[in-house]
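Model the full assembly from the supplied sequences, consistent with the hints where possible.
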Amino acid sequence: MQVTPELDARFRTAALGEGLVDVRYDLVDSPVGPLFVAATDRGLCRISYSPEHGEELVVRDFGVRLLRSPLDDVRRELDEYFEGRRRDFDLALDLRVASFHADVLRELAAVPYGLTTTYGALARQVGRPSAARAVGTVMNRNPIPIVLPCHRVVGANGALTGYAGGLDIKRHLLRLEGAALV
Amino acid sequence: MMGMVTHAPIPPFERFYLAHRDEVLGYLRRLLGQRAEDAWQETFLRALRAYDRLQHGRHLRAWVFTIATNVAMDELRAKPVNGLREGDEPAVELRQDAFRELEHLTDDLPPTERAAVVLRYGYDLPYAQIADALGSSEDAARAAASSGVRRLRREHAGHA
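From first to last, the protein sequence lines stand for chains A and B. Sequential numbering from 267 applies to the first sequence in this note's numbering. Sequential numbering from 836 applies to the second sequence in this note's numbering.
Don't take each hint at face value.
Said to hold, decoys possible - Chain B side only, calculated, beta carbon under 8 Å to chain A, not exhaustive:
(1) 857
(2) 880
(3) 881
Stated by the list, open to error - Just a few of them, taken from the derived set where beta-carbon distance is under 8 Å, the chain A residues facing chain B:
(4) 273
(5) 321
(6) 330
FYI, nobody ran anything at the bench for these hints, they're computed from the structure. Virtual Cβ for every residue (Gly too), placed ideally from N, Cα, C.
Structure (structure tokens):
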């Protein structure tokens, strides 16, 4: 006995309406592959290049009551970004992470479209000039890549160094934004 | 050793829901007919309300059938229901293929017997789990299924 799409949609709407869901998520197609996107009541909390991994992380951070549901604003802003029509995101974010992480991610959010910065520069901006390596760790664990632009952070010599989604994606995003690549 | 311990993590709700939504609807359709859809939604809303209090991910199938049975019983309580009677007749069992011949007659069974028979023969749940679903003892669950099977056979003989 198959549940019809109408019945399924009715259940999902009722579940969200009653506030029973910890995290809503969806899969969004993009030029860099399918993106797992997830949001809490407070806002976007996770983007992952790997759906399995994303699911696991949001369950750990926000709870097991995970339900798939369209995230229209997120999808629209990402589409606009990938079409080159959007430089800044207007999405509410849920950044319930450790304070050093939050400080670094806030500085990261301010790195402008099409420009790059370095791990050391971000470390200096949060008042921890010797913490370039720790900044690298924060980038590596960035919960919301693309929207929090860790692809704009490069090594002191301009090398791309690393990226959670792979260096090809980092290069793709920087080219899209017209950034100068070494 | 650690390796011997069966760790059963709780799956994300979406995965649990996709795994069980169809068979729970089938079960409720069997018990409630046209009223099944509201009961189905109520079942998964109750499951979602309780989901973050689960201690582990074992027996989730039996758990959701328990919730569905409770919802169905609430729904059916409007009609007079025969109580469970224990041990007044010898237990009767049915083979799965025999059940398939009789299952169209389950609509006429009293609700508790219907639930017990359908869970046992339609969904292959053990009596311990059916007992949980019915909120009764294992003996009472067995007696309800047994009594239901006898009634089905009488019905079947009557129609033949």
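**Asked** Does the CB of residue 881 of chain B sit less than 8 Å away from some CB of chain A?
**Response** Violated. Min distance 10 Å.
**Item:** Cut-off 8 Å, beta-carbon criterion: hint that residue 321 of chain A touches chain B
**Value:** holds, 6 Å
**Message:** A closest beta-carbon separation below 8 Å is what the hint needs, so does residue 880 of chain B meet it against chain A?
**Reply:** At 6 Å from the nearest chain A Cβ, residue 880 of chain B passes the 8 Å test, so the hint holds.
**Item:** Hinted contact residue 857 of chain B with chain A - closest CB pair below 8 Å
**Value:** This interface hint holds because 5 Å falls under the 8 Å limit.
**Request:** Please verify that hint: residue 273 of chain A, Cβ, nearest Cβ of chain B, below 8 Å or not.
**Result:** holds, 6 Å
**Asked** Would the hint on residue 330 of chain A stand, with a C-beta cut-off of 8 Å toward chain B?
**Response** holds, 5 Å
Of the numbered hints listed earlier, the single one contradicted by the structure is hint 3.
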